[in-house]
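Enquirer: Sequence:
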Amino acid sequence: MSSSLTAREVCQRLREAALGILTFEVCAGPDATGLVTVDIGGWRLLLDFAGQRLHHCEYACSPEGHEGSLESWQRYGTDPVSLLSTWELGQVERLLLADR
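First residue of the sequence shown: 1, per my numbering; consecutive thereafter.
By construction, these hints were calculated from the structure, which means they are not laboratory data.
In this text, all values refer to a predicted model and were calculated from it rather than measured experimentally.
Simulated restraints on C-beta separations:
no. : residue 1 : residue 2 : range
1   : R94       : L35       : 16 to 26 Å
2   : W87       : G65       : 27 to 37 Å
3   : H55       : A98       : 13 to 23 Å
4   : L35       : A98       : 10 to 20 Å
5   : A50       : Q74       : 11 to 21 Å
6   : A50       : T86       : 12 to 22 Å
7   : A28       : P63       : 11 to 21 Å
8   : G20       : R75       : 30 to 40 Å
Every residue, glycine too, gets a C-beta built ideally from N, C-alpha and C.
All chains should be modelled from the sequences, with the hints used to inform the complete structure.
Expert: Okay, here's the thing in structure tokens:
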């Protein structure tokens with residue numbers, strides 16, 4: 001694994017998708033566990049989206065191959081989804097629902 005992505009870096013991609021700055025595409029899912037793979041401007045994210053609610057980001061990979069995971073983010077007490085504002089979270093949830 002290359003250098004690790006921070007929760008803030010991944011949150012910024014989610015914010016940019018919420019604002020319509022970056023393209024947002026659901027690539028796969030949700031699977032039986034509620035995990036959805038999305039592409040946000042070339043970044044791959046694995047999101048826990050169950051019951052029409054976005055719970056957290058399990059994994060992220062930048063176009064350059066940098067990676068981050070929930071396990072590493074939680075060591076610092078947060079994950080990218082928890083850094084979103086209420087409005088941003090709602091927008092991302094709408095994007096996830098719109099693609100179903």
